[in-house]
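**Q** Hey, can you work out the whole structure from these sequences and the hints?
What follows is the residue order along each chain.
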Amino acid sequence: MVLTRAAPAQPRRATPGGIVAAKVVVHLACLSPLAWLAWRVWLVLGGANVDALGAEPVVAIEHELGIGALRLLLITLAITPLRQLTGWSALLRFRRMLGLYAFVYASLHFGVWLALDLVGDLSQVATEIARRPFITVGFLAWLLLVPLAITSTTGWMKRLGRNWGRLHRTIYVIAALAVLHFWWIVKSDWREPALYAGILALLLGWRAWKALRRRTMTQQGQQRVDTRAG
Amino acid sequence: MSLRDALRIRAADITEEAVYRDRRRLLALMAAAPALGLAGCAEAEPPPASTTRVTPAQASSGFRTAEPLTRFEDITTYNNFYEFGTGKGDPSSAAKTLRTSPWTVEVGGECARPGRVSLEDLLRGITSEERIYRLRCVEGWSMVVPWDGVPLASVLRKFEPNANAKYVAFTTLADREQMPGLRFRSIRWPYREGLRIDEAMHPLAFLATGLYGKPLPQQNGAPLRLVVPWKYGFKSIKSITSIQFVERMPSTAWNDLQPSEYGFFSNVNPAVDHPRWSQKTERRIAGTGNRLLANRIETRPFNGYADQVASLYSGMDLRKWY
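Protein chains in written order, with this note's numbering: chain A, 1 to 230; chain B, 1001 to 1322.
What the hints contain is simulated information worked out from the structure, not anything from laboratory work.
Derived lysine-lysine pairs resembling DSS-like cross-links, with alpha carbons at most 30 Å apart:
1) B:Lys1214 to B:Lys1096
2) A:Lys187 to B:Lys1320
3) B:Lys1088 to A:Lys187
4) B:Lys1280 to B:Lys1320
5) A:Lys23 to A:Lys210
6) B:Lys1096 to A:Lys187
7) A:Lys158 to A:Lys23
8) A:Lys187 to B:Lys1280
9) B:Lys1166 to B:Lys1320
**A** Right, dumping it as structure tokens:
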């Protein structure tokens, strides 16, 4: 067999049925909180049950969407450690969609704040973002998500090459900002934001530890080569 | 000058001896300066009680409002009562364990007739009345509540406060057995609140024992809670077990936790933002309609009770004494 330099264009591998089924499940899992929320919004708006979202429906919607975005960010960040622990590389196929769902939740969270909380008062938007540190960091987190969502396509992945990975490492910063955003809004009960901060610390700590170990192993390997050479 | 010469210079040649010897005092002074600055703010003598009096007609104009009432269901399920959990719905489900009878209140300090009295004795001889007050929470929402109870002044006068009684300090029950929220120190328990004596004696200051003609539900601060309608809701301390007449401004729970965010006075003031959110507007929880598309409403100075209470603060810088 002759090895040709330019490999013939490979036919796109069909996605295994198991993966397709799993993706459907993940889509449903990501969409169901939105559907449940939309249903209650419908009940409130239609007057069928004005209490479906509690005494302060706008705050309830913002909170649910915000928590959804934060959870999805952390789940997205959990994919790599889980793959490394289980060796199950198929997990990677879910990372992009989870990240995009995080962006959807964050955008809806931001949109509801603009449309229902500030009721579109644009002069107030800038002031609030600039003056309230918790809003500043929240807005920054969403803003940093935008380029990641845009460059999430395969086309952009190829175009950016090595830089794609560098760019998408911004998610570490985004997740930290999102936790801070949550921490700074609570009045005195920091337990829930602390839980998310703890999970984030584990996920980032795992990466730091891996990177450190990789570096020392490369150095040791280098030394071994050096001694053998010497 | 060569480097060698420079090395030979003695400290005394550069710095005058007296100044040199004084360095410790200077350093101490410099170290203390920021602290002095802070102390200057925190402990500057708070403005004394006003001497102006509101006329009965002036005061009673604030006793009722014709605004749409908040439904009983909303008043009793959307609560901040951290002794029963920090979620808004926690108190309504967890406060059932609070035993409101028998209930005693310890009254003492700068007064002629201190003592531990039962709730019945505390209220004896005072006619219960209804007040329809706006309640503005520091978080930016508000309600309109029909309270039943008695004027705070009528209760306080029974104990004959003396001239040293410049403030009144209130304390909430703190019983781990009855209050699951105490297991977490979200507040430095027990919850404490306070009023300046003229505020406490103002006709609008009220002690509620019921709402909507029913006994006060536990989650709303049964059996006895303060209602100070021109101040943010957290000033209206719940389930009171102690009332003390004191000479110095008492420590209060939220001020103790975040002094930059919650002042002692905490009068509703749209001009002074909470550091983390604006106080210019509020979301009114009232009526039976859906509140999803309801606009925020403007927050008024002293929660709309300026006519009745603004004179208490004449000459006071409300930005400083927030």
